[in-house]
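Whenever a hint applies, use it, and build me the whole structure from the sequences.
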Amino acid sequence: MNKLGDSWLLSLIGLTGLAVIVSLYLVFVYVPTELIMGIVQRIFYFHVPSAWVGFLAFLVAFVAGIAYLMRREPRWDMVEVSSIEIGVLFSTIALVTGSIWARPIWNTWWTWDPRLTTTLVMWLYYVASLMLRRVVDSEDRRARFGAILSIVGFVNVPVVFLAIRLWRTIHPVMFSSEGFEMAPGMLLTLGSSLVTFTLLYLCLLVIRVRIEYLSSELSRLRQLSIPARS
Amino acid sequence: MRFWRGVAAIVAKDVAAELRSKETLSAMFIFALMVVVIFNFAFELRVENVRQIAPGVLWVAFAFAGILGLNRSFVLEREGGCIEGLMLTPVDRSAIYMGKLVGNVLFMLVMEAFILPIFAVLFDVPILNPALWLVIILGTIGFAAVGTLLAAMAVNTRVREIMLPILLFPIAVPVIIASTRSTGQILDGLPLSETYTWLRLLLAFDIIFTVIALLGFEYVLEE
Chain A
1 MNKLGDSWLL SLIGLTGLAV IVSLYLVFVY VPTELIMGIV QRIFYFHVPS
51 AWVGFLAFLV AFVAGIAYLM RREPRWDMVE VSSIEIGVLF STIALVTGSI
101 WARPIWNTWW TWDPRLTTTL VMWLYYVASL MLRRVVDSED RRARFGAILS
151 IVGFVNVPVV FLAIRLWRTI HPVMFSSEGF EMAPGMLLTL GSSLVTFTLL
201 YLCLLVIRVR IEYLSSELSR LRQLSIPARS
Chain B
1001 MRFWRGVAAI VAKDVAAELR SKETLSAMFI FALMVVVIFN FAFELRVENV
1051 RQIAPGVLWV AFAFAGILGL NRSFVLEREG GCIEGLMLTP VDRSAIYMGK
1101 LVGNVLFMLV MEAFILPIFA VLFDVPILNP ALWLVIILGT IGFAAVGTLL
1151 AAMAVNTRVR EIMLPILLFP IAVPVIIAST RSTGQILDGL PLSETYTWLR
1201 LLLAFDIIFT VIALLGFEYV LEE
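These protein sequence lines map, in sequence, to chains A and B.
Under our numbering, think of the first position of the first sequence as 1, with each following residue one higher.
Under our numbering, think of the first position of the second sequence as 1001, with each following residue one higher.
I should point out that these hints are in silico values taken from the structure, not numbers from a laboratory.
Among the hints, a few may not be true.
To be verified - To list a few chain B residues with every Cβ distance to chain A over 12 Å, as calculated:
#	residue
1	1004
2	1041
3	1060
4	1118
5	1222
What the hints assert, rightly or not - Looking from chain B toward chain A, a few residues come up when the C-beta cut is under 8 Å (computed):
#	residue
6	1156
7	1158
8	1203
9	1212
10	1214
11	1220
Model, not experiment: these values are computed from the prediction.
Idealized CB from N, CA, C, for every residue including glycine.
Printed below as a string of structure tokens:
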């Protein structure tokens, strides 16, 4: 990548940094403490954006997977694998923060609610798909399999959600996940957090794709230098 | 027409090979039986009424034994270099997929037909019910549809058959849920109208999974 790409990335990182500071101010200083749930409700501003970025990342991987199978350009494969890795990271954060939030509010670490269960199943699947990539030797095959898995996985998400929702509605519903009205200040803070996390996702994606690009460049140069040395 | 002739030829080949050795079917059957027995040990002392867990045990046994068969169907092809032979045959890739899928479904159904009577004895449940058979057939098709695609990928990795279960189970969650629930409702003797929603869903899952796998399979066998 060139100087221009660098300055573009630097300004993206700068913008993200600014957004992080603004959002932290909003979350910890500006927004009032929720009346019923108390201070723990502030985790909401990390939990929801993490879940959103997880979903967005898998969507991007799905699109990149289709693009790879159609165009066969390695950069789409790089985007696909980078996005899945980041998606797994943010889904993990969403699952953990959700669990921490659920403990005092729902009085349990975990419930088999459709959204939670779907996230967990999605998480398991994408972790498995990353594992599959590691054990495929041929580069071209790895990219193809990765693309197929990212497409199959994403198509499956709504199906899993539907199945789990129907499965659970037969049991009594113990908790509803959205129990409170949102004040304008909270909405603003949530919006700001969502923007910040999305920017953070973009930063990570660009950096991760660059790493992928540089390592493929490195192995290409190594290949070139072997005959020269001998 | 040509498509289905190709499919029939592949199924006939798999069935003939299996009839000669009976390796896969016997392993699947014994494994499924073992799962049913182990669940009895694992649950019996804590569960008041074993009939309550019967549908779950049945489907776990079917799914686990199914994994064995799915893996085997592609490991065999790879061992003798037969997959290259298959790819050279003048049929579409989708016909290879269909042939493999039909073969896998057949083997799973045979295994299930042997397990079901034993299951009825151990759990004391009525199994002579066409609705139950329909659920089993639909559930098996859904499970094998996506399983055949993933098995074709898994055998092309360094670790071979290890990858299949961890990829397949998250994807098969909808099929497992729908099959287990409808089996439960049928075994409880609820009217068929209650199960109707789940049956329709199972059918929908089967169609979705078969279509995705059919499209994806073209890209799995490429080189």
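Hint by hint, here is what the structure shows:
no., hint, verdict
1, 1004, "holds (25 Å)"
2, 1041, "holds (26 Å)"
3, 1060, "holds (16 Å)"
4, 1118, "holds (27 Å)"
5, 1222, "violated (7 Å)"
6, 1156, "holds (6 Å)"
7, 1158, "holds (4 Å)"
8, 1203, "violated (13 Å)"
9, 1212, "holds (6 Å)"
10, 1214, "violated (12 Å)"
11, 1220, "holds (7 Å)"
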